[in-house]
Every structure is written in C-alpha cells, then in structure tokens.
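Enquirer: First to last, the sequence lines map onto chains F and V.
Under numbering that gives the first Met the number 0, think of the first position of the first sequence as 0, with each following residue one higher.
Under numbering that gives the first Met the number 0, think of the first position of the second sequence as 0, with each following residue one higher.
Just so you know, these hints were derived from the structure itself, not from any lab.
It should be emphasised that the depicted structure is a prediction, and the values quoted were computed from it without experimental measurement.
Be aware that a few hints might be false.
Calculated lysine to aspartate or glutamate pairs in the EDC-like style (CA-CA distance at most 20 Å, straight line) [to be verified]: (1) F:K175 x F:D194; (2) F:K531 x F:D611; (3) V:K54 x V:D16; (4) V:K153 x F:E140; (5) V:K602 x F:E140; (6) V:K261 x F:E171; (7) V:K164 x F:E262; (8) V:K45 x V:E57; (9) V:K641 x V:E336; (10) F:K602 x V:D16; (11) F:K164 x V:D431; (12) F:K641 x F:E503.
Protein chains: 2
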Amino acid sequence: MNKILFRPEGQIAKVPDGTLLSEAITRAGILFNLPCGGQGRCGRCKVIVELGDFKRRETSRLSSIELEQGYALACQTTIHSDLQVFIPPQEAIVRKLPSEKAAAEIPTLSIVCDWQSNPTIRKFFLTIEPPSLSDNTTDFERLKRELARQHGIKDLAANLPMLRKLAGTLRESETKGQGWQVTAVLEMGTWVEEDALPRLVDLRPGDTTERRLAVAVDIGTTSNVVYLVDQASGQFVDSAAAYNAQISCGEDVISRILYARKEGGLQHLQRLVVQTINKLLQELAERNQIDLSEIYHMTVAGNTTMMHLFLALDPSFIRLEPYIPTVNHPLPVRASELGLHICPEATVDCLPGTGAYVGGDITAGVLSSEMFQAQELTLFIDVGTNGEIVLGNADWLIACACSAGPAFEGAGVRSGMRATVGAIEEAWINADTYESTCRVIGDVAPRGICGSGMISLLAEMFITGVVDKSGHLNRSLDTPRVRVGDHGPEYVVVWAKETQTRKEDIVLTEVDISNLIRAKGAIYAGFSVLTKSVGIDLADVEQVLIGGAFGQYIDIEKAIQIGLMPDMPWERFKYLGNTSVLGAFTALLCPDMRREAVEIAKKMTYLELSADNRFMEEFTSALFLPHTDTMSFPSVMRLLDKKATP
Amino acid sequence: MNKILFRPEGQIAKVPDGTLLSEAITRAGILFNLPCGGQGRCGRCKVIVELGDFKRRETSRLSSIELEQGYALACQTTIHSDLQVFIPPQEAIVRKLPSEKAAAEIPTLSIVCDWQSNPTIRKFFLTIEPPSLSDNTTDFERLKRELARQHGIKDLAANLPMLRKLAGTLRESETKGQGWQVTAVLEMGTWVEEDALPRLVDLRPGDTTERRLAVAVDIGTTSNVVYLVDQASGQFVDSAAAYNAQISCGEDVISRILYARKEGGLQHLQRLVVQTINKLLQELAERNQIDLSEIYHMTVAGNTTMMHLFLALDPSFIRLEPYIPTVNHPLPVRASELGLHICPEATVDCLPGTGAYVGGDITAGVLSSEMFQAQELTLFIDVGTNGEIVLGNADWLIACACSAGPAFEGAGVRSGMRATVGAIEEAWINADTYESTCRVIGDVAPRGICGSGMISLLAEMFITGVVDKSGHLNRSLDTPRVRVGDHGPEYVVVWAKETQTRKEDIVLTEVDISNLIRAKGAIYAGFSVLTKSVGIDLADVEQVLIGGAFGQYIDIEKAIQIGLMPDMPWERFKYLGNTSVLGAFTALLCPDMRREAVEIAKKMTYLELSADNRFMEEFTSALFLPHTDTMSFPSVMRLLDKKATP
C-alpha cells in the first residue's frame with residue numbers, strides 16, 4: 000500500500016500500486032471535479048506531484064514546462080510509491096464579461112510600421128499677433144499666414160462650423176502680452192485624397208499638442224467595442240464594450256436589414272448604434288477625464304451591413320441576389336454627420352470591405368493578424384452569425400462567407416442565449432454516467448447555453464456516444480438525461496432545480512443539434528470550397544488564425560471533434576481575440592497600415608458561395624459528426640477508436 | 000400772331016413771335032406739367048415740333064437723335080412761325096418695384112470669355128449594366144467604373160446624402176431592357192482646389208443633360224435678387240427680387256451686427272435671409288416650371304456683413320476697430336448646410352471681398368463692370384448705406400468705404416422712407432414760386448422721400464436758393480413752404496392733404512439736410528482721399544461707373560449739384576444697374592471669370608479711412624453745397640451764376 004499525502008490541507012489516503020491519483024483523491028474525501036468524467040480530455044484535474052513515483056499517460060493538456068514542474072492530470076496518472084501531492088485551487092470557472100474582458104486587455108501596435116510619419120491628424124501650436132488697423136487681415140487669412148510662416152503649411156480648408164467659431168476662439172486665446180495662442184488641429188488629407196488641402200478640424204486656446212486623442216471602433220452585430228488611443232504617443236489608453244443596441248431590432252444582419260426597410264427603420268437603427276458608441280465614449284471620457292470634443296479621428300471596422308446601418312446607407316440589396324452593397328469602401332465622413340459625440344469636424348473613417356458578406360471587419364482581421372504579410376499559407380476565420388473565411392498569404396487572398404445561421408450566437412436553439420452572465424460556455428459529460436458538468440459565465444446558476452457552450456456540449460455528446468455521427472440521440476443509454484420531451488428527443492444539460500430560474504430544464508434537442516451541425520457544416524464547407532477553388536488541400540494550411548470576439552472562446556479540440564475546424568495539430572491554431580477592433584486600432588495609429596487596408600480589400604478575391612455548386616456538395620458532406628470524410632479527421636477517429644476499444 | 004396746332008387732340012393757340020412753347024400749351028388749355036418750373040432742368044416737357052420755325056435753347060436733356068426728330072423742351076423753345084406740335088403722353092411717372100424691374104431686364108454675359116470650357120458642374124448620361132452574381136461590384140464602384148469607361152472620369156467622391164440615395168436611384172432608373180440609365184451630376188473641383196476629385200452632386204434617372212440650372216444671388220442689405228441661369232446654354236432664364244427679410248432686425252449693417260450679438264440673433268438673421276432667397280427660388284420655380292432640386296450651383300455676392308450673416312459667421316469684429324471679418328473669401332459650402340432649397344449637395348459659392356467694408360458685391364461690381372480690364376482710369380461707386388468706391392484700371396485697384404449713414408436709404412430723415420411704393424423719387428422746385436412737383440414710385444399719393452428723391456430735392460432747393468451752401472433754409476423767401484416747424488426750420492415738400500395718409504406734411508428739415516450733406520460729404524471725401532492717395536486728380540478720372548441697385552436711380556446732374564458726384568461731363572458717367580448680381584451671374588457662368596474674381600479681390604488695396612487723417616479733412620471740406628472747393632464744381636457754379644444774373 001502507498002501512502003499519499005495531499006497538500007496544502009494534509010489529508011491522507013492509502014492505495015495499492017497502480018491506483019489512479021484521481022481515485023486516491025476521492026478516497027481521501029477531497030471535493031474534486033473531474034468534468035470530463037476522468038477521460039483526460041478536459042485537463043481540469045491538474046495536480047502537482049511533489050515527491051514519489053508515478054506514471055502519466057500521454058496528454059496534450061500539459062505543456063512541457065508543466066511536465067517538468069511535476070504537473071499531472073489526476074485522472075491520467077497512476078501511483079507507484081508513497082507520494083506527496085499538491086492540489087491547487089481548481090481554476091475559478093468565471094468568464095469575464097465583454098466589457099471587463101476588453102478593459103483587461105492592453106493592446107499594442109504589434110505590426111512593424113512607421114506610425115509616426117505623416118500622421119493624418121496633426122496639431123500645431125501658434126502664437127499669432129492680433130490684428131491692428133495697419134494689419135487688418137481677416138481671422139482666417141491670419142491663421143493661414145501663421146501656419147505658413149511657423150509650420151510651412153501652405154494652404155488650409157475649413158468647413159463652416161469651424162469658421163463660425165474662429166473669431167471667438169482666437170480672441171478667447173489672447174494671453175496677456177503674448178498675443179493669440181492657439182493649437183490648430185489639422186487633417187492632412189485622407190486616403191481618398193492624400194494631397195488634399197489640410198483641413199482645420201479644431202482650434203483651441205493654448206497649447207494642447209501634448210496628446211492627440213482618437214478612437215478605434217468595432218461595430219459588431221452583437222457587440223461594439225471602442226478603443227481610446229493617443230496618436231501622439233501611439234499608446235492604447237482604455238477601452239469599453241457593450242452590446243449593440245440594434246439587437247432590439249433583430250439578432251442577425253438579415254433581420255436588421257428587414258427592419259431597416261420599415262418606415263424610419265434605417266434611421267432608427269443608425270441612431271441606436273450611434274447611441275451605443277456615444278455611451279461607450281462617455282464611459283471612456285469619465286474614466287479617463289478627457290473631453291470627448293478633443294477626439295479628432297475615428298476608425299471603424301464592421302461587417303458590410305453594420306457599416307451601411309452606421310452610415311444609414313440603404314442595406315436592402317445586400318440581402319437580395321446578387322447581393323450588392325452601396326459601397327465597400329465608404330468615403331470618410333464628419334462625426335457631426337452621424338451624431339457622434341466627438342469633435343464635430345473629426346473624420347470618421349470606415350475600413351474597406353470586399354463584398355456584401357466580407358466586410359471591413361475581415362479586412363481589419365487580415366491587417367491586425369498580419370496575414371497580409373504572412374509567408375505561410377494561412378486560413379483566417381471569424382465565426383459569428385456568418386463565418387467569414389480568408390485563405391492566402393502575403394501574395395494572394397481569397398475570401399468567402401458562409402451563412403452559419405444564428406445557432407452559434409445562441410439564437411434558434413431552444414436553451415440558447417448570448418454569451419452573457421448565466422450562459423453555459425463549456426460543458427463536460429461523464430463517459431460512464433452521462434452526467435454533465437458546466438462552466439457558467441459570471442459563476443452563477445445557469446440560464447442557457449451560448450455558442451462556445453454548444454460546441455463544447457455537442458463534442459462531449461458525440462465523444463461519449465450520447466449522439467451518433469448523424470446527430471441522433473442514443474435513446475438506449477441508461478440515463479434520465481436522454482429523453483423525449485415536448486420538442487422531441489433531447490439531452491438535459493442542467494436540471495431545472497439547478498438553473499437560475501428553477502423553472503425549466505436546460506436542454507439540447509435533436510433539432511438544436513441538427514441546427515448546430517448545419518452551422519458547423521456550412522463553415523467547414525467554406526474551408527473546403529475555398530481551398531479547392533485554389534487547388535490546395537486543407538491539410539496544407541500552415542496556420543489557422545481565429546478572430547472575432549466569439550472566436551477566442553472556442554475550444555479548438557471540441558471544435559475539431561464536431562468537425563467545425565479542420566483536424567490539424569493544435570499549435571497551428573492561433574486565437575487573436577477581436578481582430579476587427581485591433582485592425583481599426585492599427586489603421587488608426589498608422590497611416591501606412593490604413594493604406595494597407597485598402598490594398599488588402601482590393602487584393603482579396605470574393606468568392607460568392609451562393610453562386611457556387613461546390614458549396615452545396617461540400618455542405619452536404621459536412622452534415623455529419625465530424626464529417627463524411629472521416630479520413631480528414633484522424634485525431635477524432637483515433638479518439639473514437641480508443642473509446643470503442645478501452 | 001402765330002397759330003399753333005397741337006396734335007393729337009387738335010387744340011389751337013395763337014401767340015406772338017418769341018413766345019415760349021410751354022406758354023402756348025398753357026394758353027391752349029392743355030394740362031401739361033413743368034416739373035422744374037420751366038428751367039429746362041428736368042427735361043420732362045418734351046414735345047415734337049412737326050412743322051414750322053422755332054428756336055431751342057441749348058440743353059443736355061435732348062440727344063442728337065431726338066434733336067433730329069424734332070424733339071424740343073417746351074419750356075426752352077420759342078415760337079417763330081405757325082407750328083404743328085405733337086404732344087406725346089407725358090412719361091408715366093412710375094418707377095418699377097425692384098421685383099418688376101429685375102424681371103424686365105434680360106442680362107447677358109457681356110464679358111468676352113470662354114465660359115463653355117471646364118465648367119464647374121458637368122452632367123454625364125450613363126447606361127449601366129445592372130449587377131449580377133458574376134459582376135457583383137458595388138453600386139458606387141459600378142457608377143465610377145462606367146464614368147471612367149464612358150467619360151474618362153477617373154475617380155469620384157460622394158458625400159453621405161448621395162450615397163444614401165444611390166441604391167434606390169440606380170434601381171429606379173432601370174429602363175426596360177436597357178439597364179440602368181442615369182444622369183450623374185458632377186462638380187469638377189472649385190476655385191479652392193481645382194484638381195479636387197470630381198464630386199457626385201446628384202444622380203437622376205434618365206437623361207437630364209439638356210440643361211444645367213444654376214442661380215446667381217445678390218444679397219443686399221436692403222434687397223435680394225436671384226437670377227436663374229442655364230449653364231448649359233449660357234442663358235439668363237428669369238429673375239426675382241424682394242426685400243431682405245432681415246430688415247425687420249435693422250436697416251443697416253451695423254444694426255444687424257448688433258442684432259446678431261443677441262442670444263440666437265445670428266441664427267435668426269441667417270434664417271431670415273435664407274427664407275427670402277428660398278421664397279424667390281420658389282417664385283422662379285413656379286414661373287418657369289422647374290424642380291429646384293435640379294439647381295446645382297449658386298454664386299452669391301454681397302457685402303462682408305451680409306456674407307457673414309448668410310453663413311452665420313460671427314460678424315461682431317467687423318463693427319469694432321480694427322474691423323476684422325472672419326473671412327473675406329468664404330470657402331464653398333453645401334446648400335444643405337445653409338437650408339437653401341436647391342439640390343442639397345449643390346455648392347454655394349460666395350464671391351471674395353477685400354475687407355470689412357469692401358465686400359464681394361464690390362468685387363462683383365469690378366468684375367461685371369469690366370473695370371478690371373479697363374485701360375481708362377476708372378472710378379467705380381456703389382452708393383447705399385455705405386458708399387464703396389474703387390479707383391483704378393486693369394493694372395491696379397484701390398478701394399475704400401465711407402460710412403454715408405443711412406440717409407440715402409431713407410433712414411434718419413424725418414420724412415425718409417425706402418424706395419418703395421409711395422416714395423418721392425424725384426422732385427422739382429419752381430424757381431419763382433418755390434412750389435414742388437414730385438415723381439412718386441407706383442404713381443400713388445406720396446408717403447415719404449427715398450434716397451434719390453432726397454438728392455433731387457436737395458439739389459433743387461440749392462439751385463433755387465431755398466437752401467444756402469451751408470444747408471440753411473432761406474427763411475426770407477415768400478413761400479409758406481419754408482417755415483419753422485416742431486423740428487426746426489423745414490421745407491414742406493408735399494402738404495398733408497396731398498399725401499397718402501393725409502395726416503402729416505412731407506418735409507425736409509434743416510437737420511435732414513445736415514444729415515444728407517454729411518452723407519454726400521463722406522462719399523465725396525472718399526473720392527478725394529482715394530485719388531489723392533495715388534497722386535491723381537479727381538478730374539483725371541476718365542469714367543465713373545455707378546453700380547448698386549440705388550445707383551441706377553441717382554440723377555447725375557442733381558448728384559453733381561449737391562457735390563455727391565464729381566463735376567465732370569455727364570458722358571463720363573455710366574449707370575450699370577445691380578453690378579453685384581451681374582458679377583455673380585458672370586462668375587456663375589464662366590469659371591475663368593470666377594477665378595478673375597479672386598484676382599480682383601487680391602489685387603484690390605483696401606484703404607481704411609477711419610485710420611486716415613486725410614479723410615476727416617476732406618470730409619470737413621465737403622460739408623458744403625456743392626463743396627468748399629467751388630473750383631472743382633465749375634458747371635454748378637456756372638448754373639448758380641446764370642441764376643444770379645438772369
């Protein structure tokens with residue numbers, strides 16, 4: 000018998016050689032979760048063996064550093080001597096809310112670029128001799144004269160609102176005995192006309208050249224994110240995020256487009272998203288004690304429909320074949336034209352998109368992910384209501400969008416919900432008992448299941464045999480959790496009494512499963528068509544970059560198990576977080592990168608899948624777990640084989 | 000005795016040789032006016048001697064053609080045989096209202112210029128292949144592509160309002176089996192940036208290239224005038240005029256500036272003038288059956304204060320020393336920014352001015368009068384509340400403004416009124432009886448005296464000895480019209496019973512006279528300082544161009560008699576009418592002339608009289624009738640001498 004001492008609390012267990020460490024923990028009376036039921040899949044039963052002999056089964060859940068440090072998965076480790084084992088507190092299963100999450104990140108401009116050269120917005124401090132009878136040049140000409148004399152700015156344009164406050168501001172700026180002292184804020188041409196006349200964006204008394212505030216904005220269908228940036232220092236200052244208030248008019252882009260067709264609908268949607276952004280701006284202003292009217296530049300990324308709604312452009316024809324946006328690359332507009340509460344004359348610049356369903360958010364993703372500079376064959380994916388996929392490298396880019404439907408956004412699924420407090424975002428099913436363990440956002444009693452939770456749950460159900468490869472529930476299993484409910488066969492994820500409302504069981508029905516399989520099938524079909532269209536095998540892809548707010552919560556292993564992601568070594572996958580706002584941030588800081596965005600959008604070939612017969616074929620093939628072509632999912636097949644022959 | 004037959008009615012008179020024809024007319028019992036009392040000054044007693052011998056005294060009232068045709072002034076013609084005389088109906092003494100007057104004129108582009116080359120606004124008819132799945136370019140890129148293919152337009156900018164209607168208009172333009180047929184209206188750069196990207200101003204279904212409507216506007220302190228123009232044919236179409244609704248907030252620029260300082264005052268003034276222009280536009284639209292939204296270009300001329308109020312720029316510092324406008328050359332703005340009811344994206348372009356009191360209306364005057372091309376030494380004058388004066392030729396220009404005060408506008412004068420129905424605009428005083436005869440606008444009973452009436456009246460009073468050279472009334476005259484009233488000594492122009500209201504006598508008091516003398520003195524002092532400042536004698540001026548709406552009603556002879564205008568041969572004076580709107584019209588039709596306006600404003604040196612000691616000296620010298628320097632008024636002195644020694 001071996002004596003096992005558990006630290007830090009000092010419990011002891013005595014077990015024979017070869018016993019699983021997880022078994023010993025249970026014998027010692029320690030409360031310890033094995034979310035996946037001891038199959039070594041979830042990696043959540045990590046302990047540190049401090050002294051003694053033990054054997055670990057091979058696992059991808061531990062890094063080489065962890066292995067060196069003595070980490071072991073309790074359910075995959077056998078005991079071969081007396082041991083001293085440290086049980087760390089099991090990871091607090093709390094996912095941060097979008098706003099907390101965004102606030103916690105400190106993004107930096109990672110791309111190598113000369114962001115300080117030729118900035119779009121420049122500030123010039125001027126001391127101006129006030130007029131006299133012998134020098135009675137007008138206010139505007141006087142300002143121009145001094146900009147020319149002191150800073151070599153040859154000419155200047157100014158819109159009416161600036162001219163209207165010119166006389167007052169100049170005289171307000173009079174500093175005792177020193178004349179008029181002002182800071183002129185100039186826009187030095189945009190990508191539309193690089194050599195346009197410098198435009199007076201603001202004029203302030205005193206010297207405000209120290210900082211140059213600007214904002215990068217991601218307008219997602221679900222969430223909006225604002226980054227506050229100082230263009231003078233090139234530093235990220237703060238960020239804020241919130242749900243897009245347009246959600247009240249529809250969850251996905253199609254329902255928003257339909258809403259926009261109503262009388263006044265488009266204007267209402269425009270106001271809602273601007274309200275959301277204004278609220279976030281206000282939050283940033285208060286937290287950082289800044290004056291919003293000192294924000295002189297806004298770069299925006301979003302999908303094509305979101306950009307149309309933001310600018311109140313008619314989105315009708317995005318929805319109807321042949322799917323034509325008004326514009327892919329909106330020209331810069333003034334903040335006052337949209338009702339944004341920053342400097343009224345600030346330029347609001349939307350990043351260019353490629354087509355009706357591959358928008359500026361994807362351009363931003365290709366930019367911030369550095370895919371446009373990649374030598375490796377790269378697959379970029381942004382999963383949401385639509386899965387937008389880009390394949391290529393520094394030399395070429397091809398993109399498509401596959402309508403995954405709203406299943407991953409929690410809509411069209413019986414117990415589905417958005418990824419907010421109370422959503423199950425990860426789940427494990429015990430392979431023996433078919434009991435479930437869930438991780439819930441906000442660490443509260445669950446209310447429903449969000450996208451990542453559904454991927455996780457479906458994978459667990461498939462691996463443990465709760466569903467078969469067609470997505471049908473195995474009703475012969477000895478568990479009350481598989482049953483036929485009012486909506487047909489279903490799996491009970493959480494019993495009503497353990498939910499937040501205590502009213503209804505949280506379930507995943509066969510219909511839900513079918514929707515999820517269609518969603519993942521559409522995305523995988525997108526991968527297949529895209530690679531085949533350029534004569535490449537999906538396996539040749541050297542890296543898979545996962546963008547989008549949702550992407551960062553996808554468990555790759557589970558995503559591969561259900562056939563959502565291609566089966567390739569995990570190290571080829573990289574999570575990039577919200578690549579859309581990161582791209583806007585990059586383009587905001589660096590004019591060269593802003594220009595690069597134009598090149599990316601131009602270079603990107605848009606493959607319209609609805610016009611492509613191959614897509615329907617590939618889609619049909621993908622409507623299985625993980626896929627009809629099992630050869631393409633070797634790791635999943637190995638796992639299933641192992642389970643079949645324990 | 001000679002027998003005189005008067006046609007067409009056949010009356011007969013018998014008179015001895017040498018009798019004045021006017022005397023014979025009276026004897027024949029014919030009702031015939033001699034407004035100036037038979038002094039040959041007014042020229043209003045024209046008749047035609049068809050047969051017989053007669054002698055005419057020399058007069059400048061008859062042209063050589065009239066002399067050939069037998070015209071004679073009845074009061075200046077003696078009878079030397081039987082005569083047959085035709086009495087034409089005496090000219091209906093009705094001055095047209097500004098609106099009727101403007102409508103009656105048909106201005107043309109008189110300046111030689113290549114107005115058809117490189118117009119600012121161009122129209123392009125396009126047939127566009129609608130999109131398909133295999134050609135899913137966006138609406139905007141598709142439009143750009145066809146503009147490039149069909150018309151060589153390389154790139155295009157478009158503001159939000161245009162992008163917002165793009166999708167709808169293109170699809171609305173679908174013509175059975177012929178695709179999308181539209182007319183794109185483009186602005187091809189303005190004077191600010193000649194090589195700016197072409198900007199989409201409008202897009203209309205079908206072919207509307209036949210005409211290109213535009214408007215030229217004069218914003219006078221008192222009256223506003225709009226010319227409707229077809230830029231495609233270069234033709235004037237129609238015009239309309241009305242009083243500036245801002246009058247309700249003050250008669251002159253200073254009172255308007257003060258009003259603008261009130262809370263919301265500036266915005267109110269801006270709305271009022273825009274309302275006036277919109278009303279005129281509406282009138283033109285109805286009369287000519289046009290759609291105002293097809294007007295794509297507006298050129299505006301006005302004084303510096305009017306331009307500030309029109310654009311809602313702060314005018315405060317125009318009033319205060321050192322008299323600084325915000326801008327002399329406002330950048331073009333969009334019609335929608337001002338609330339003008341033409342195409343919202345139309346450019347509204349204000350002509351450049353030179354200083355606080357020499358505005359775009361004067362530049363327009365120098366342009367339309369062709370003074371900027373003149374070889375002769377030219378004096379241009381626009382008389383109103385301010386007298387703006389320009390001296391120069393094709394090589395140089397110097398300008399000043401002299402605050403004449405509102406006397407000539409009818410304000411600050413007891414019986415003064417604006418030049419509208421009921422205003423006495425011309426008057427004659429009988430040298431023997433001191434009785435007056437008046438010409439009234441609208442041919443109604445008089446209500447008061449307008450500017451031209453006051454000049455006329457003051458000259459008559461001076462020439463007939465009712466006032467002396469200091470402006471004092473001769474109270475020893477044997478007439479009840481000269482009396483001491485409640486407001487001091489005065490001359491009764493019209494007795495109460497003959498006025499419209501029948502309540503009060505229409506009078507000219509010594510205080511009024513003093514105000515008028517100050518007004519004319521200021522203007523004449525302007526002439527003097529301007530000529531002296533460049534070392535020229537006023538007599539060397541080869542032509543005097545009189546612009547401004549008021550200018551065309553000034554009687555040169557009378558104006559010289561009171562010393563308002565320099566004493567030089569009448570043929571050197573030219574009335575040009577409303578040179579401000581004519582200048583706007585010229586600049587609207589011809590881009591070269593628009594550029595010329597910039598050159599004129601740049602070239603013009605502004606002499607600030609309030610900073611010039613010489614002005615006070617000259618002003619003091621000019622406070623006499625006609626002037627202390629009587630040598631400068633030889634013709635007036637001759638007339639006075641003749642009168643003194645009959």
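Enquirer: Hint by hint, say whether it matches the structure.
Expert: So, going through the hints one by one against the coordinates:
1. F:K175 x F:D194: At roughly 37 Å apart (the allowed maximum being 20 Å), D194 (chain F) and K175 (chain F) break the hint.
2. F:K531 x F:D611: Cα-Cα ~12 Å, so holds.
3. V:K54 x V:D16: holds, 11 Å
4. V:K153 x F:E140: violated, 33 Å
5. V:K602 x F:E140: holds, 15 Å
6. V:K261 x F:E171: holds, 19 Å
7. V:K164 x F:E262: holds, 15 Å
8. V:K45 x V:E57: Since the Cα atoms of K45 (chain V) and E57 (chain V) sit roughly 14 Å apart, the hinted pair holds (cutoff 20 Å).
9. V:K641 x V:E336: Distance ~62 Å between K641 (chain V) and E336 (chain V) Cα, so the pair is violated.
10. F:K602 x V:D16: violated, 104 Å
11. F:K164 x V:D431: violated, 62 Å
12. F:K641 x F:E503: violated, 36 Å
Of the hints listed earlier, those the structure fails to meet are numbers 1, 4, 9, 10, 11 and 12, in rising order.
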